[in-house]
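Undergrad: So you can see what is in the structure, the chains are spelled out below.
Protein chains: 2
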Amino acid sequence: MAKLESQGEFLIAPDPDRAGLTRALRGTDQTGAEVEIAVVEERPLTIFLNSQEIVTAMTIGDYPEYLALGFLKNQGMLGPEDVVTGVDYDDDLEVVVVRTAVETSHEEKLKKKTRTSGCAVGTVFGDMMEGLQDVRLPATELRASWLYALASQINRTPSLYLTAGAIHGTVLCQQDRPLVYMEDVGRHNAVDKIAGWMLQEQVTAEDKILYTTGRLTSEMVIKTSMMGIPVLASRSGFTAWGVEIAREVGLTLIGRMRGQRFVCLAGEERLIRDIDPATVPEEAGKHRRKSARKAE
Amino acid sequence: MAKLESQGEFLIAPDPDRAGLTRALRGTDQTGAEVEIAVVEERPLTIFLNSQEIVTAMTIGDYPEYLALGFLKNQGMLGPEDVVTGVDYDDDLEVVVVRTAVETSHEEKLKKKTRTSGCAVGTVFGDMMEGLQDVRLPATELRASWLYALASQINRTPSLYLTAGAIHGTVLCQQDRPLVYMEDVGRHNAVDKIAGWMLQEQVTAEDKILYTTGRLTSEMVIKTSMMGIPVLASRSGFTAWGVEIAREVGLTLIGRMRGQRFVCLAGEERLIRDIDPATVPEEAGKHRRKSARKAE
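Residue numbers (our numbering), protein chains in the order written: chain V, 1 to 296; chain E, 1 to 296.
Hints listed in this document are in silico derivations from the structure and should not be mistaken for laboratory results.
Every residue gets a Cβ at the ideal spot worked out from N, C-alpha and C, and that includes glycine.
Heads up, a few of these hints could be off.
[What the hints assert, rightly or not] Here are the in silico distance ranges between beta carbons for each label pair: (1) E:D134 x V:D29: 55 to 63 Å; (2) E:P281 x V:D92: 24 to 32 Å; (3) E:T279 x V:G228: 50 to 58 Å; (4) V:G228 x E:I272: 22 to 30 Å; (5) E:P277 x V:A24: 39 to 47 Å; (6) E:V84 x V:R136: 39 to 47 Å; (7) E:G228 x V:E94: 50 to 58 Å.
[To be verified] Take a look, some chain E residues computed to stay more than 10 Å from chain V by CB distance: (8) L132; (9) R215; (10) E268.
[Claimed, not checked] Here are some of the chain E residues that sit facing chain V, going by a computed Cβ distance under 8 Å: (11) L25; (12) G32; (13) V39; (14) Q174; (15) T239.
Please model the entire structure based on the sequences and the hints provided.
TA: Below, the structure is given as structure tokens:
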């Protein structure tokens, strides 16, 4: 059986002390005493694909270029045939423009659809499901010992969550090594930033694992699948549709990871149980993100 | 000093046993043993305002009519001058249509804007901020004893969260009494369903408190303010922009409510400290939703 071991360093880790990501705010506690607490920032960022405005996302504001690239990629608006010629971020305008060599097919599609249906949200969603129909993920093996090693390292890494709370984290991992750890206040921005980094760095997806603190909703499952990553693991729980999509596309889906425990609802046949869970230490209180409720 | 007391019953409480809200899914646990767990459903619901498609929301699927009404109200697309003549839900098509006596001004605006800017998301967001400029909430008093009484009752109420996890809850309260408890997998659907119920039932807002399990982001603060509710309280943390908006519109903002503890970052002057926090029991493990981390 494998042992838990930590190796290597993050390529990108959270930088909780970076200026502009948190703000010290004064208030009072339950006793009426004045307190000053660190609170995460939240800023609007409007993403353009060439001259077409696509969406306004709420983000902590780090890595706007990765966020824009990853969002467009995950929505199926940037395909393998599209050549990105530039990503320009304007801090003052809170705008990021992704430029491609030729107008993408999606841009034209979006213009047409919004004229008839009125809103791109439905369109975007429909296109995501459409893009998923051809997706079959590789049957990459997953070792249980990697899951425990990853959770242990990620929980101990200094982060905005530990500093200020009210934020989600997503980590791109390879075997038992966490590589890129992104956090964001916006629902799926953390995963989009990872997608942007992967696109920029031309990173392979088939040998990666995505770890998230958030729930395994359909949107998280779709994004992970669109990124070509064959394993998605989370501390949180599942939704039925998320599980259904994971089973269809061949995504290994692990949820409710807390201490020794986890549940696998898709991809059991690719999971190698190489470690006795009883030998894994339970989470120390200070590393817990959520309580280990009996009901779960 | 006031004592904790529970009075009255919910007008609407979660119904975790209702068919169609959860599904039993089979998987394996960390030991490889087969397990069957309850997982929340997640379905798309497309909301129309008359003939105009507005958005596709992901929802557990209870109360689609309240969700549609509340979403449109909170986005400023339904104003006090708009007369709702019908709300039609089609289960098969997963569509809900809100009909008004005359075409609303927002519909026309949306058609125009989407032609020029391409996507209604930015538009919707801009309109929410626009709608907020005239909002000044009434200086309603809040007693600390109510907060403790509400948290205690809400945490003990049977819910989808306790059955299946991976879901958010929002509760409309009056003084120390929780009235309407909505849950949803979608980010802000729970609060939109409450807004829809309030609109339908013509409920006053100025004497209410909104309790949520989710983070106090700008969007939650904006929605609460648009609903005219002067107090927003949460187990979770804050974002800086959420606090900023709360201070501008006069919303009393309470976060990090766990056991005896809470933090007030806006509206301190309206908070009446009528109870000694030391007399409040700490949360029992089984009622906790998230751990009481020292860092928080």
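Undergrad: All hints are to be evaluated individually against the structure, with a verdict given for each.
TA: Now for the hints, and whether the structure bears them out:
For D134 of chain E and D29 of chain V, the Cβ-Cβ distance of about 33 Å falls outside the hinted range of 55 to 63 Å, so the restraint is violated. At about 51 Å, the beta-carbon gap between P281 of chain E and D92 of chain V misses the expected band of 24 to 32 Å. Distance hint check for T279 of chain E and G228 of chain V: the Cβ-Cβ separation is about 56 Å, which falls inside the suggested range of 50 to 58 Å. Our hint of 22 to 30 Å for G228 of chain V and I272 of chain E is violated, since their Cβ atoms are close to 56 Å apart.
The hinted range of 39 to 47 Å is not satisfied by P277 of chain E and A24 of chain V, whose Cβ atoms lie roughly 24 Å apart. A hinted range of 39 to 47 Å for the beta carbons of V84 of chain E and R136 of chain V is consistent with their spacing of about 46 Å. Range check, G228 of chain E to E94 of chain V: Cβ separation about 29 Å, and the 50 to 58 Å hint is violated. Annotated as non-interface, L132 of chain E keeps its C-beta farther than 10 Å from every C-beta of chain V; the closest such distance is 14 Å.
A Cβ of chain V approaches the Cβ of R215 of chain E within 10 Å, the least distance being about 4 Å, so the stated non-interface status is violated. Not every beta carbon of chain V lies more than 10 Å from that of E268 of chain E, the smallest distance being close to 5 Å; the non-interface claim is violated. At its closest, the beta carbon of L25 of chain E sits 6 Å from a beta carbon of chain V; the interface hint therefore holds under the 8 Å criterion. At its closest, the beta carbon of G32 of chain E sits 6 Å from a beta carbon of chain V; the interface hint therefore holds under the 8 Å criterion.
Contact between V39 of chain E and chain V, as hinted, is supported at the beta carbon level, the nearest pair being about 5 Å apart and thus within 8 Å. For Q174 of chain E, the shortest C-beta to C-beta distance to chain V is roughly 22 Å, which exceeds 8 Å, and the interface hint is violated. With a cut of 8 Å, the hint placing T239 of chain E at the interface with chain V holds, because the nearest CB-to-CB distance is about 4 Å.
Of the numbered hints listed earlier, those contradicted by the structure are 1, 2, 4, 5, 7, 9, 10, 14.
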